[in-house]
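> Residue-level listing of the chains:
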Amino acid sequence: MEAPVKMSAAAAIVARAMALFEDLSFTAARAWKTAQPGRKVVGYMPIYVPREIIHAADMLPLGILGGGDQLEVIHGDAYYQSYICRIPRSTVELGVSGRLDFVDGMLFPSICDVIRNLSGMWKMLFPQVYVRYFDVPQNYRDDIGGNYYVNELAELRHDLAELRGKPITDEELRHSIALYNENRRLVGELYAFRAEKPWQAPAAEAYLVLRAGMVLPVEEHSAMLRDYLAAARAEERPRRDNCRVVVTGAFCEQPPLNLIKSLELAGCYVVDDDLLLVTRWLTADTSIEGDPLRNLASAFLHQSESTAAKYEPDVKEKGQYLVRAVRRSGAEGVIFAAPSFCDPALLDRPMLQHVLKDAGIPYIAFKYAENSGQMQPIREQAGTFSDSIKLWSGT
Amino acid sequence: MTTTFVTPKAAAAKQVVKDASMMKQKEMMAGHYDRLTSAPQTGEKIAATFVPGNLNELIMCFGLLNNLPEVNAIQNGLRRTSGAFVLEAEKIGHSEDVCTYVKSDIGMMAKGNIAPNGKKFPDPDVLLLSYTGCFTFMKWFELLREQYKCETIMLHTPYMGDGKITKNMTEYMVKQIKDEVIPKLERVSGVKFDIDRLREYLKKSVKAENDLVRVLQSAKNKPSPIDAYFGAIYYIGPIFGAFRGTDDAIEYYKFLLAEVEDRLAHGLGPVTPDGEMGKEKYRLVVEGPPNYTSFRQFWKMFYDEGAVVVASSYSKVGGVYDLGFRHDPDKPLETLAEYCLGVYTNRSLPMRIDMLANYINEYDADGLLINSIKSCNSFSAGQLLMMREVEKRTGKPAAFIESDLVDPRYFSAANIKNRLESYFQMIEQKRAGARSAA
Chain A
1 MEAPVKMSAA AAIVARAMAL FEDLSFTAAR AWKTAQPGRK VVGYMPIYVP
51 REIIHAADML PLGILGGGDQ LEVIHGDAYY QSYICRIPRS TVELGVSGRL
101 DFVDGMLFPS ICDVIRNLSG MWKMLFPQVY VRYFDVPQNY RDDIGGNYYV
151 NELAELRHDL AELRGKPITD EELRHSIALY NENRRLVGEL YAFRAEKPWQ
201 APAAEAYLVL RAGMVLPVEE HSAMLRDYLA AARAEERPRR DNCRVVVTGA
251 FCEQPPLNLI KSLELAGCYV VDDDLLLVTR WLTADTSIEG DPLRNLASAF
301 LHQSESTAAK YEPDVKEKGQ YLVRAVRRSG AEGVIFAAPS FCDPALLDRP
351 MLQHVLKDAG IPYIAFKYAE NSGQMQPIRE QAGTFSDSIK LWSGT
Chain B
1 MTTTFVTPKA AAAKQVVKDA SMMKQKEMMA GHYDRLTSAP QTGEKIAATF
51 VPGNLNELIM CFGLLNNLPE VNAIQNGLRR TSGAFVLEAE KIGHSEDVCT
101 YVKSDIGMMA KGNIAPNGKK FPDPDVLLLS YTGCFTFMKW FELLREQYKC
151 ETIMLHTPYM GDGKITKNMT EYMVKQIKDE VIPKLERVSG VKFDIDRLRE
201 YLKKSVKAEN DLVRVLQSAK NKPSPIDAYF GAIYYIGPIF GAFRGTDDAI
251 EYYKFLLAEV EDRLAHGLGP VTPDGEMGKE KYRLVVEGPP NYTSFRQFWK
301 MFYDEGAVVV ASSYSKVGGV YDLGFRHDPD KPLETLAEYC LGVYTNRSLP
351 MRIDMLANYI NEYDADGLLI NSIKSCNSFS AGQLLMMREV EKRTGKPAAF
401 IESDLVDPRY FSAANIKNRL ESYFQMIEQK RAGARSAA
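Line by line, the protein sequences give chains A and B.
In terms of this note's numbering, the first sequence opens at residue 1 and continues consecutively.
In terms of this note's numbering, the second sequence opens at residue 1 and continues consecutively.
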């Protein structure tokens, strides 16, 4: 009889993250809720909500990112025309099939008109759930957009306090901000480590570990990140002759895990991406001194990621974040991977491509849906891109 | 400088096949395009902006001339040039999945930027990005900014997600108008802002708005003297475009109202491109924009069957005046904010459902028809739920058709005609059922 093969520490962590990823009944979040009476869960969609406020209300922020490629959409298609992306239909499917029946509130960030309108649909479909369209300012002056945003945050704080039945104190907010600061630092560490040694932290693994943060309490997720980083650093893995790419455009509807794996198998190490942006939307620590809402607002205005859903007031800055991501991560090219019918990603793409062209950075582009099954064309495209970079990058 | 036109006598309308008001509207538009294309000679400066959230009164305070890219795309759709422009934009890298207004505009620029009068559009001096009720607007003007390299002003209108305008929303908008929009428009135009001038324009807006509402609400009569969707495309042109706040708009709506009241007095239905409409058989409420590349053909499918649209949501994209909003000269900046906040596509889905269900009841309509537009997620996402909800609330049948704004590839005449015919049969069956139950 053969002895059972011992799983490496990294593999064990990834296996747990995979189980969380595959669980479309959200068992872990349900278990968290039932562990103590009175606990509440607040769902949120991409790309950003201030999870600190939900956490400060003793609630579990739950990232809802559609149904992936394992969910059979039966009811959801009846709500959407064929020319609308997949994430809202699978999210509706999760809702009407009862998979989200333990969720007490849902936040719909201002990312595009489809998610915006889904907020109204959710109000109609689930009248017992607290639903908020979470608007963020497109004006970045503290005295204009900042004041507006502070008041929006105050409304959210008030609403969540009502939901739990007691006010959310500044101390609770500061405590939560500190925890999310720590979480973002760990996520940053993971991204830096992957950029340095992508063979040690493959993109699909890093994604799964990050994705676990959508369903786990932040304290638990930070522990997972720490453990994974330690395990990934300790374990030597073979290095492939891959090129290094940044993947962009995948900030809302998620690509299938197989797509992420396929890119690396095809010869492209993913050294940066815009997947699960909520985990690192704020690019520096949020202050825990003074007014916590003002601090969250200031962080949003002045220290947050750029993406297609956000207006860039300075024409010279348009798309430069992508150039910086390429330089920072030592990437050799960019892969535009956008969901079909995604207005933000697809409308932004030509402008970003012009910026990359001016910067001399090669790129390719394709579309996907969260349930795309055929990876061969994408693998071939990515493989050719990798070959071209390796063969011609010096010329 | 204002565009002048001669007001035909209302009686003359009876002698022409088309509404005289439509002809007049055409003249106004033509005059406006001439002003735009003559700007390099006259020295007038141009502000490009959008129909929802169009701050025409404010733009005029700086002597700027308003140019609306959606209207240009519509003109290209009606003239059947948009298809080639869309293809051109796709050829230079724009996705087949995104808004065809944008692609028509980008394609038109790539092909020389020729206005409907055959002359070249001058480049805008400023892009006033009134980000109201449509995500695409933001990307559209970022794309244009890349081309024109001119001053771009963001005015962010928060969405009415909870079905109400809060103090925070209004204050945010007023602050943007005061501290961002006005100083930048002053800089571009070289004209100092005069709030009394704004008040004067706003007073004029109210007069035109009052008459527009009376025109739209005339459809409550049977037969309706207007078509509140196809016909209303013409009626809303001046007030949603470059004429709100002008004497021209006041005159136009006064004339239009007189014409409509005359039709009403004579028990007449709407004028169609083929002349007087026959007997009114079906009264519909329509949600969603029309198709422009086959506009006449599309309209004909309705009036050939005796179907008249008595209320539509599309005729509210540039302002929901029939629910009571009027520009208020006494609070000039707040009223601009409230105007932007209240436009149809900035309203939550439950608000839109309420509006449509109320229209069906108030206009005694036979049902709801949704023309779902491939290009326009702001309108389209959620429409299937809206349809079911309106049906449930009113007990009236609803139908769903699909087309596009200005991309001729997505207008399938046979499919749409089949759907409409089935829908009219459904209405007949409902009526027969109601009769036998009585």
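The hints are simulated quantities; they were obtained by calculation from the structure and are not laboratory data.
Hints are supplied without guarantee of correctness; some may be wrong.
[Stated by the list, open to error] Rough simulated footprint, nothing fancy, chain A against chain B, three-plus residues with beta-carbon under 8 Å:
| id | stretch |
| --- | --- |
| 1 | 85-97 |
| 2 | 149-155 |
| 3 | 170-184 |
| 4 | 266-275 |
| 5 | 372-381 |
[As the list claims (entries may be wrong)] Residues from chain B that face chain A, not an exhaustive set, calculated with beta carbons under 10 Å:
| id | residue |
| --- | --- |
| 6 | 26 |
| 7 | 30 |
| 8 | 35 |
| 9 | 39 |
| 10 | 44 |
| 11 | 106 |
| 12 | 159 |
| 13 | 165 |
| 14 | 166 |
| 15 | 350 |
| 16 | 385 |
| 17 | 386 |
All values derive from a computational prediction rather than experimental measurement.
Where is the CB? At the ideal position from N, CA and C, for every residue including glycine.
> Compare the structure with each hint and give your call.
Structure-based check of each hint:
1. 85-97: holds (count 5)
2. 149-155: Check passed, 3 qualifying residues.
3. 170-184: holds (count 6)
4. 266-275: Check failed, 0 qualifying residues.
5. 372-381: With 6 residues close enough to chain A, the hint holds.
6. 26: Constraint on residue 26/B not satisfied, violated at 32 Å.
7. 30: violated, 32 Å
8. 35: violated, 28 Å
9. 39: For residue 39/B, the interface hint is violated, since the closest Cβ of chain A sits about 23 Å away, which is over 10 Å.
10. 44: Because about 24 Å separates residue 44/B from the closest Cβ in chain A, which is outside the 10 Å limit, the hint is violated.
11. 106: holds, 9 Å
12. 159: holds, 6 Å
13. 165: This interface hint is violated because 13 Å lies over the 10 Å limit.
14. 166: Check passed: Cβ of residue 166/B comes within 8 Å of chain A, closer than 10 Å.
15. 350: Where the cut-off is 10 Å and the nearest Cβ of chain A is about 6 Å from residue 350/B, the hint holds.
16. 385: holds, 5 Å
17. 386: Status holds, d = 9 Å.
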